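Trainee: Residues per chain are reported as follows:
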Amino acid sequence: MISGRVIGRYWATKRIDTLPQGALLHVRLDDGGHLVALDPLGCGEGEHVLITQGSVAAGYFQTVKAPVDALIIGSLDEQPPSK
Amino acid sequence: MISGRVIGRYWATKRIDTLPQGALLHVRLDDGGHLVALDPLGCGEGEHVLITQGSVAAGYFQTVKAPVDALIIGSLDEQPPSK
Amino acid sequence: MISGRVIGRYWATKRIDTLPQGALLHVRLDDGGHLVALDPLGCGEGEHVLITQGSVAAGYFQTVKAPVDALIIGSLDEQPPSK
Amino acid sequence: MISGRVIGRYWATKRIDTLPQGALLHVRLDDGGHLVALDPLGCGEGEHVLITQGSVAAGYFQTVKAPVDALIIGSLDEQPPSK
Amino acid sequence: MISGRVIGRYWATKRIDTLPQGALLHVRLDDGGHLVALDPLGCGEGEHVLITQGSVAAGYFQTVKAPVDALIIGSLDEQPPSK
Chain A
241 MISGRVIGRY WATKRIDTLP QGALLHVRLD DGGHLVALDP LGCGEGEHVL
291 ITQGSVAAGY FQTVKAPVDA LIIGSLDEQP PSK
Chain B
241 MISGRVIGRY WATKRIDTLP QGALLHVRLD DGGHLVALDP LGCGEGEHVL
291 ITQGSVAAGY FQTVKAPVDA LIIGSLDEQP PSK
Chain C
241 MISGRVIGRY WATKRIDTLP QGALLHVRLD DGGHLVALDP LGCGEGEHVL
291 ITQGSVAAGY FQTVKAPVDA LIIGSLDEQP PSK
Chain D
241 MISGRVIGRY WATKRIDTLP QGALLHVRLD DGGHLVALDP LGCGEGEHVL
291 ITQGSVAAGY FQTVKAPVDA LIIGSLDEQP PSK
Chain E
241 MISGRVIGRY WATKRIDTLP QGALLHVRLD DGGHLVALDP LGCGEGEHVL
291 ITQGSVAAGY FQTVKAPVDA LIIGSLDEQP PSK
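Chains as they are written, first to last, in our numbering: chain A, 241 to 323; chain B, 241 to 323; chain C, 241 to 323; chain D, 241 to 323; chain E, 241 to 323.
Pulled out of the complex, with its shape left as it was, chain A reads as follows (with noise of 0.2 Å):
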């Protein structure tokens, strides 16, 4: 998986029927460069996300159609946890 923050959100009104609703955020990766991916989880600007990648995506989603090939999985601690 890859990591990044949240730098805002896309809309688009224009799209194919089965792209799932959900937010599609705008992220910046740590490593550079930019994705933009579906989140399941109601993640504000500024959050550090992990994304995962590819057909594993999609996966996620109950259609299988589901064309989503970035998808956010967690939002990272930004401390680890007391134990």
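Wrong hints could be hidden among the right ones.
The list treats identical chains as interchangeable, and a pair is accepted whether it falls inside one copy or across any two copies.
As the list claims (entries may be wrong) - Calculated cross-link-like contacts (lysine to any residue; reagent style SDA-like; alpha-carbon spacing at most 20 Å):
| # | residue 1 | residue 2 |
| --- | --- | --- |
| 1 | K305 | L259 |
| 2 | K305 | P280 |
| 3 | K305 | S322 |
| 4 | K254 | S322 |
| 5 | K305 | R245 |
| 6 | K254 | G272 |
| 7 | K254 | E285 |
| 8 | K305 | R255 |
| 9 | K305 | T258 |
| 10 | K305 | H274 |
| 11 | K305 | G273 |
| 12 | K254 | H288 |
| 13 | K254 | K305 |
| 14 | K254 | H266 |
These are computed hints drawn from the structure, not numbers from a lab. Remember, it's a predicted structure, so these values are computed and weren't measured experimentally.
Guided by the hints, dock chains B, C, D and E onto chain A, whose structure is given.
Mentor: Just chains B, C, D and E, lined up with the frame of chain A:
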């Protein structure tokens, strides 16, 4: 997903039979580099588009065998929707 | 998909059995870098070709097990078709 | 596969339900760049590890839906085995 | 596919059970960068090899679960075959 601007169109008269009909758009990616993406939405030059890649792109087509690894799945709104 | 120019051909006498027959073309990608792509279309040196990658490329072959992750799916027309 | 050194660990309290238990290790790749990989082997900081990516990584988990695209599959021996 | 030269071999005594037997070769790619590829062909150091990546590589193995995303599928002939 990745985003980019449509900068042109390609034609391929000599092609394999299983390549679906549809425009082969030349896209300049926002992070640099280029892709050729199948466009089911009728996007035009200059449009800011969202692209999904890999087997997820091929899954859009009814034929399982569509040899398409880059698909335009949305046109990004230039402004967020007004509320 | 990505585009590039055919710059040569490779032979591999020592190969795994499931590699399909067909030319292994050496392609210089338009964005830089190189690939070796299986060519079912009979393309020649200097030809501008369109390449699909990943499991989508393997899906072209009848054998599910074809170990091919780069396939030439079209030859790009040097000019748009006249109307 | 690609290789790298474990340099830390991430926690994600807020995560999607289908993300399997297991350490999310922060790996600096030998060629540069970083990944976050699921670790089923109990690797520690500084360990030199081998990582597989994509749907192949997800295939390790019993649940078909595991949203994991980077998995540590081995720890590289610092020296070849003595004969 | 991509090409490269074998520059060494890795051993991984600590590994997941589903990693198939076979040499884990260290390959320097012709375009730069490195990979670790499973070698079913018995290639040696200095050999110029062809590598397939992703789920296509895993498909070579009888076990569907083989966590292999890079496979040597051929050794490139230094010269074209004489006719």
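Trainee: Does each hint hold? Answer for all of them.
Mentor: Here is how each hint holds up against the structure:
1. In this assembly of identical chains, the alpha carbons of K305 and L259 lie at most 20 Å apart whether taken from the same copy (9 Å) or from different copies (18 Å).
2. Both within a single protomer and between protomers do K305 and P280 lie at most 20 Å apart by alpha-carbon distance, with minima of 17 Å and 15 Å respectively.
3. When the C-alpha separation of K305 and S322 is checked against a cutoff of 20 Å, the pair qualifies neither within a copy, at 41 Å, nor between copies, at 30 Å.
4. For a Cα distance limit of 20 Å, the shortest separation of K254 from S322 across copies, 16 Å, qualifies, whereas the shortest one inside one copy, 46 Å, does not.
5. Taking the shortest alpha-carbon separations for K305 and R245, neither the intra-copy value of 27 Å nor the inter-copy value of 25 Å comes in at or below 20 Å.
6. With identical chains, the CA atoms of K254 and G272 are never at most 20 Å apart, being 28 Å at best within one copy and 24 Å at best between copies.
7. In this homomeric assembly, K254 and E285 come within 20 Å of each other (Cα to Cα) only across copies, at 15 Å, whereas the closest approach inside a single copy is 24 Å.
8. Taking the shortest alpha-carbon separations for K305 and R255, only the intra-copy value of 14 Å comes in at or below 20 Å, while the best inter-copy value is 23 Å.
9. In this assembly of identical chains, K305 and T258 lie within 20 Å of each other by CA distance both inside one copy and across copies; the values are 7 Å within and 19 Å between.
10. Within a single copy, K305 and H274 get their C-alpha atoms no closer than 24 Å, and across copies no closer than 25 Å, so neither meets the 20 Å cut-off.
11. When the C-alpha separation of K305 and G273 is checked against a cutoff of 20 Å, the pair qualifies neither within a copy, at 27 Å, nor between copies, at 27 Å.
12. For a Cα distance limit of 20 Å, the shortest separation of K254 from H288 across copies, 11 Å, qualifies, whereas the shortest one inside one copy, 29 Å, does not.
13. For the homomeric pair K254 and K305, the shortest alpha-carbon distance inside one copy (18 Å) is at most 20 Å, but the shortest distance between copies (26 Å) is not.
14. In the homo-oligomer, the alpha carbons of K254 and H266 lie at most 20 Å apart both inside one protomer (18 Å) and across protomers (19 Å), since each shortest distance falls under that limit.
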